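Novice: With these hints in hand, go ahead and build the complete structure from the sequences.
Chains as they are written, first to last, in my numbering: chain A, 507 to 759; chain B, 507 to 759.
Any copy will do: because identical chains look the same in the list, a pair fits if it lies in one copy or spans two.
Straight-line C-alpha distance at most 20 Å; calculated EDC-like pairs for lysine to aspartate or glutamate:
# : residue 1 : residue 2
1 : LYS662    : ASP724
2 : LYS730    : ASP573
3 : LYS625    : GLU705
4 : LYS663    : GLU687
5 : LYS742    : ASP724
6 : LYS621    : GLU714
7 : LYS509    : GLU559
Read the hints as simulated data drawn from the structure, not as lab findings.
Nothing here was measured: the structure is a model prediction, and the numbers come from that model.
There are 2 protein chains.
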Amino acid sequence: MLKIVLVGTGNVASHLLAIFLETKGIAVVQVFGRNKEALKAFSSYVPTTANLENVVPSDIYLIAVSDKAIATVAKTLEAREGIVAHTSGSVPLEVLPQNRAGVFYPLQTFTLGKKLDFKTIPICIEAKTQQDFNTLTNLAKLLSHHVHHITSEQRKKLHLAAVFANNFSNHLFQMAAQLCEAEKLPFELLKPLIFETAEKLHHLSPKEAQTGPARRNDLETMQKHLTELESPLQRKIYQLLSESIKATYEKKL
Amino acid sequence: MLKIVLVGTGNVASHLLAIFLETKGIAVVQVFGRNKEALKAFSSYVPTTANLENVVPSDIYLIAVSDKAIATVAKTLEAREGIVAHTSGSVPLEVLPQNRAGVFYPLQTFTLGKKLDFKTIPICIEAKTQQDFNTLTNLAKLLSHHVHHITSEQRKKLHLAAVFANNFSNHLFQMAAQLCEAEKLPFELLKPLIFETAEKLHHLSPKEAQTGPARRNDLETMQKHLTELESPLQRKIYQLLSESIKATYEKKL
Numbered sequence: 507m508l509k510i511v512l513v514g515t516g517n518v519a520s521h522l523l524a525i526f527l528e529t530k531g532i533a534v535v536q537v538f539g540r541n542k543e544a545l546k547a548f549s550s551y552v553p554t555t556a557n558l559e560n561v562v563p564s565d566i567y568l569i570a571v572s573d574k575a576i577a578t579v580a581k582t583l584e585a586r587e588g589i590v591a592h593t594s595g596s597v598p599l600e601v602l603p604q605n606r607a608g609v610f611y612p613l614q615t616f617t618l619g620k621k622l623d624f625k626t627i628p629i630c631i632e633a634k635t636q637q638d639f640n641t642l643t644n645l646a647k648l649l650s651h652h653v654h655h656i657t658s659e660q661r662k663k664l665h666l667a668a669v670f671a672n673n674f675s676n677h678l679f680q681m682a683a684q685l686c687e688a689e690k691l692p693f694e695l696l697k698p699l700i701f702e703t704a705e706k707l708h709h710l711s712p713k714e715a716q717t718g719p720a721r722r723n724d725l726e727t728m729q730k731h732l733t734e735l736e737s738p739l740q741r742k743i744y745q746l747l748s749e750s751i752k753a754t755y756e757k758k759l
Numbered sequence: 507m508l509k510i511v512l513v514g515t516g517n518v519a520s521h522l523l524a525i526f527l528e529t530k531g532i533a534v535v536q537v538f539g540r541n542k543e544a545l546k547a548f549s550s551y552v553p554t555t556a557n558l559e560n561v562v563p564s565d566i567y568l569i570a571v572s573d574k575a576i577a578t579v580a581k582t583l584e585a586r587e588g589i590v591a592h593t594s595g596s597v598p599l600e601v602l603p604q605n606r607a608g609v610f611y612p613l614q615t616f617t618l619g620k621k622l623d624f625k626t627i628p629i630c631i632e633a634k635t636q637q638d639f640n641t642l643t644n645l646a647k648l649l650s651h652h653v654h655h656i657t658s659e660q661r662k663k664l665h666l667a668a669v670f671a672n673n674f675s676n677h678l679f680q681m682a683a684q685l686c687e688a689e690k691l692p693f694e695l696l697k698p699l700i701f702e703t704a705e706k707l708h709h710l711s712p713k714e715a716q717t718g719p720a721r722r723n724d725l726e727t728m729q730k731h732l733t734e735l736e737s738p739l740q741r742k743i744y745q746l747l748s749e750s751i752k753a754t755y756e757k758k759l
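Specialist: Structure representation (structure tokens):
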């Protein structure tokens, strides 16, 4: 039985608690967080504390707090036995001062209250020692079929790639929604297209899946589209992404 | 029984033939296309012809050819009885010279050989007369639960929105894949994130779903990301999309 103290009371902590609670071989012995109000949501399931001195001994202290707070929080746990691991995509392992330190990064976007199938979520593991790497890997394998050894350098790039794949694509969906709204068209119209755009990647690489006016260098349609866009920022985005698509396929020749 | 002559032998024509063949109340009486080689794939299912003079009488002539060719193809069918309708997102209805003209636009991205659930695909209908509008609507309702009356002006904007939602987001996926590749990381790692980014829209609007450094105005992370991006074009895209995300939420205040 792996004992875990979960540190943090945000969105990621709440998703991790939910999956830990339903997974055999894991015991969440405590949730530790500064925000007493937020702790309340956790206290129906496990013991909680807002007081560092009351933090109980554990095999793993799993830090799920904002990137900026990780180093500070880790420092307060410096004297503890057990592994201290954070769950961030962009913070290097070295930020943790202890020797028994690791990273346990589930590569997914978590929505409060929306349950996810953890088995499909890639979990990226890193640790300062082989033994702790093995322990964190074993923990991850209890949750997911996709456990990977990813270095801090790789994780940094992976996190950057995730910004393109998730944050930026979502923003494009938002711009599309805005264009619909301006014509009093329901955004629902675009949802099957959006789902299929993602779904397609089961069958084709994004490079193979690319379609549209920029892909076929259809200057006439692109020119028309630019005149239809009222926002100068949207026009710039249209131009830049079209230029980038064209450049991608010209390189191929 | 609605008789249809399908005009064109490309990707959309092939998807339409497949769904028409399995739908009661629809009879594809012929496929008409200039490309004899491409016609072969259709000839195992329905009569085909490459010769305009041999095109048989029909209730509907459904044109699924490239945007640029629609006007020319429609002109060759001018003397026919029956409705002439095109399937394009960006071509106005007026491009069709006949009075009995319409638009039958399935808003989806079609991949050769990949079957889709047509019931979920929005079909956008427009016609010059009420009667033909009704006929095309009835045809669409045989295939899909989502049939909409969309004007040429609206369809133009919808098609533009689809470029953002599909073409551009796919390009972002491709950039993410490229960043993975450079670190020898499998693109598979990002797929659950991409699927969830789309899936989330069942529960939240894209405006609500937005996360990431630009959303929380995390200048430090954004600055780090910019130094990690080697391609100047990718840096420009990162900056512009981040700027656009920030602007979206500043407006809200």
